[in-house]
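From first to last, the protein sequence lines are chains A and B. Mapping to numbering that gives the first Met the number 0: the first sequence position 80 is 79, numbers consecutive. Mapping to numbering that gives the first Met the number 0: the second sequence position 56 is 55, numbers consecutive.
Since the hints were made in silico from the structure, they are not lab data. Incorrect hints may appear among the rest.
[Said to hold, decoys possible] Pairwise CB distance ranges (calculated): (1) 28/A with 330/B: 24 to 34 Å; (2) 330/B with 142/A: 28 to 38 Å; (3) 142/A with 11/B: 49 to 59 Å; (4) 14/B with 28/A: 39 to 49 Å; (5) 409/B with 216/A: 20 to 30 Å; (6) 12/A with 21/B: 58 to 68 Å; (7) 291/B with 33/A: 51 to 61 Å; (8) 292/B with 28/A: 48 to 58 Å; (9) 403/B with 86/A: 10 to 20 Å; (10) 234/A with 330/B: 40 to 50 Å; (11) 291/B with 28/A: 23 to 33 Å.
[To be verified] Some chain B residues close to chain A (C-beta under 7 Å, calculated; not the full set): (12) 321; (13) 327; (14) 328.
All residues carry an ideal CB built from backbone N, CA and C; glycine is no exception.
Single-letter residue listing:
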Amino acid sequence: MSLQEFRTGDTPLPDVVILTHKLTRDYDMGSEMVRALRGVSVQIRKNEYVAVMGPSGSGKSTLMNLVGCLDTPTSGEYWLNSQKVSDLVDDELARIRNKEIGFVFQTFNLLPRADALHNVELPLIYAGLGAKERRARAAQALERVGLGDRMDHRPNELSGGQRQRVAIARALVNEPSILLADEPTGNLDSTTGMEIMGLFRELHNAGQTVVMVTHEQDIAAQAARVITLRDGVVATDQLQAA
Amino acid sequence: MPLFEAVVLALRTIRAQKLKSGFSLIGVFIGVTFLIAAWSIVNGINLYMTDKFAGTLVGVNTFHLRRRPQFTPNVSDSMWRAWARRPRITFGDAEAVANGIGVPVVTAWESSDRVTIEAGGKKVLDVQVTGATERYFDIKNLKIANGRAFTAQEVRSGVPVIVLGEEIALKLFPARDPVGQQVRIGGQPYRVIGVVDHQGKLLGFSLDRFAIAPARSPIQDLVNPPGIVDALIVKAGSLTAMREAMSEAEGIMRSRRHLRPRTDNNFVLETSEGVLEFWGGIQKILVVIGPGLVGVSLVVGGIVIMNIMLMAVAERTREIGLRKSLGARRTDILRQFLAESATIATVGAALGVLTGVGLSLLLNATTALPATVSPASILLGVVIGMGVGVIAGVYPATRAARLDPITALRQE
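This is chain A alone, in the form it adopts within the complex:
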């Protein structure tokens, strides 16, 4: 992996989707300052499949939140798709989340009262699309994850694996730059987990950039590159054979 050294004032290469430069994040806990990230610099190119690992407290969740534009860094730079997002404000970040990032959560986070189609439609509503186009694209996304026949089912009528597929369809529906998954198999049994991993691989093979946080070794083994965090810094960053 021959990425050039990034210096403050530079702009990332065009095929670099995620670039963090000396990213830090401190939390003011009142009595003490918690330094969750202490200068993380990583570059992730288009169509990479990256797993982020690390023990709890290593800062991987904080990094995910920053990469997902849910949070802003204390210092350092974050470039997403050649746009510097580290100094954007609330509503601009919401727009970036909507356009560039597809979240997949451990607990799926589907709206319980809405059917699969409506759940997948949600990001498109905030993108301001009309109802007709929304429905068409949501249906397409559901078909892509193999749930074309479950569109009118509510989450409680679906199995865990199917729920996570709905969530993945929702993450993909806006054609995001990155698919950001936080312990995507954490609430699934191992067989279903592997099915979801198979889906991730398919998506990756189709050109999707995937970043996944996990603490499970065999899940991380699915990725092409593993970044390990420890005490708020990058400990290892390795490519592995597919």
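Use these hints to put chain B onto chain A, whose structure you have.
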């Protein structure tokens, strides 16, 4: 998210949580129901008063010369005693004024009392019988349905003839033509010469329960002391002519009674405005009390909605976090919750309008209260309901919009 989407979403949430939404809209529902019903009643009475009551009892462009006002709210005892000491209106006064007014007017005498009318074996109690002159029918706009009214000749010579109201005619002569029959009042016989057309009801009282006889017929001894009339009615062709006639009548009466320039009149010239003033007094009270009660229930309704919305925000923190992570901006969340509380309140208001209108129609059909629904009240009801919803929703919605997505997503 466009407003339409927000409203659709709100309706979906309301439908999913029927019971909770039902409770939250009850305050606004009651407030608006009350608003519509109370407004309809006031509005109905108002229409009655201006159109019918004032017109029927006094008449348009008409004034009454009387000893004291007929319709007055809250008269003090001392005032009442002063009125009772005033001289009464005599036949002489009435004739002098009627003949003395220069502008073209129509005049009639009126003296009434409540009496019992008998015919054959039948008897009707508590009938308003009036001793009047011939033009009374024109002034009061009483159309003769059957037979005829009495003439000036009959008034002058005091012929004992009588014109009956529809209700009296029907009660005394259910099967026969009343015209030509005889009725007895206070032992005196009167020949029925006519029946007045159906008049309807006013505030629940029948307007067909009356009888009219010539002023100088034996009826005069029943309704008043000798030579006295209750009122001289003067009807002019226009408002200005009425004003002119009133000032002439005032001058004639003052000179007949030898009143000094600074002395007050010891008689009144009463117009329909006087009657409306009486109603205005009552209306003023209703106008203060009504909005007060409506306001209280709407404030309570607003607080209920605010509480339920705060609960909804707390319950749906995770949903808010999710929506934010999917790209919802603060305004999107704010709009979602504002739309929800406004929709709840508007649904409550709409139900309130329906119930209020229904209640008004029911009141109108079953009681004497003449409730008339005003379109303005419907509009106001819905607008106020919506407003209460928006105002009550501002605080919960702001809280929702300000939630941090990471914390919100983490919440169980």
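Outcome of the hint check:
A hinted range of 24 to 34 Å holds for the C-beta pair residue 28/A and residue 330/B, which are about 31 Å apart. Hint check: residue 330/B to residue 142/A, Cβ distance near 33 Å, so the stated range 28 to 38 Å holds. Between residue 142/A and residue 11/B the Cβ separation comes to about 25 Å, which falls outside the hinted range of 49 to 59 Å. For the hinted restraint 39 to 49 Å between residue 14/B and residue 28/A, the CB-CB distance of approximately 43 Å keeps it satisfied.
In this structure the supplied range 20 to 30 Å holds for residue 409/B paired with residue 216/A, their Cβ-Cβ distance being about 25 Å. The hinted window of 58 to 68 Å between residue 12/A and residue 21/B holds, with their beta carbons roughly 59 Å apart. Hint check: residue 291/B to residue 33/A, Cβ distance near 56 Å, so the stated range 51 to 61 Å holds. In this structure, residue 292/B and residue 28/A meet the distance hint of 48 to 58 Å, their C-beta atoms being roughly 52 Å apart.
Taking 10 to 20 Å as the suggested C-beta distance range, the pair residue 403/B and residue 86/A conforms, at roughly 18 Å. Range check, residue 234/A to residue 330/B: Cβ separation about 41 Å, and the 40 to 50 Å hint holds. Distance hint check: the CB atoms of residue 291/B and residue 28/A are about 52 Å apart, inconsistent with the given range 23 to 33 Å. Using the Cβ-Cβ criterion of 7 Å, the hint placing residue 321/B at the interface with chain A is satisfied: the shortest such distance is roughly 5 Å.
Of the supplied interface hints, the one on residue 327/B holds, with its beta-carbon coming within about 5 Å of a beta-carbon of chain A, less than 7 Å. For the restraint placing residue 328/B at the interface with chain A, the shortest Cβ-Cβ distance is roughly 4 Å, inside the 7 Å limit, so the hint holds.
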